[in-house]
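**Student:** Sequence:
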Amino acid sequence: NISFGHNVFINRDCKFMDGGGITIGNNVGISMGVTFCSVAHPCNPLTLKIWEDIAEPIIIEDDVWIGANAIILGNVTIGKGSIVGAGSVVTHNVKPGVVVAGNPAVTIETVDEYM
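Convert by adding 9 to the 1-based position in the sequence shown; the result is the number in my numbering.
There may be inaccurate statements among the hints.
Subject to a maximum C-alpha distance of 30 Å in a straight line, what follows is the list of computed BS3-like cross-link-like pairs (lysine-lysine) [to be verified]:
no.: 1; residue 1: 104; residue 2: 89
no.: 2; residue 1: 24; residue 2: 89
no.: 3; residue 1: 104; residue 2: 24
What the hints contain is simulated information worked out from the structure, not anything from laboratory work.
Using the sequences and the hints given, assemble the complete structure.
**Tutor:** Dropping the structure here:
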């Protein structure tokens with residue numbers, strides 16, 4: 010359930026929970042300790058059945074850099090040329106060419122402004 014593009018770097022201690030599928034594009038850098046979690050479970054305490062998984066895909070487009078210990082949740086696309094700050098929790102789609110950081114991750118600036 011995982012597909013990797015060309016020229017992908019994955020540092021140590023990364024975790025891939027791939028039940029919903031994980032697609033990683035070309036020229037992607039993944040720092041140490043990053044977690045990709047494409048599987049979740051219902052959160053309503055009245056109907057919670059821990060064994061019922063919700064599988065949602067993760068898509069990392071080309072030229073993305075993901076900082077150390079970031080967590081990428083399911084149903085998320087990280088747009089081309091974006092940067093995810095270290096320790097961020099990405100719960101929503103990331104537009105192309107932006108820097109996101111925080112928990113939950115929010116857009117800080119464009120990559121052009123950052124560089």
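**Student:** Each hint should be assessed against the structure and marked as holding or not.
**Tutor:** Now the hints, each set against the structure:
no. : hint     : verdict
1   : 104 x 89 : 8 Å, holds
2   : 24 x 89  : 22 Å, holds
3   : 104 x 24 : 24 Å, holds
Of the numbered hints given earlier, the model fails none.
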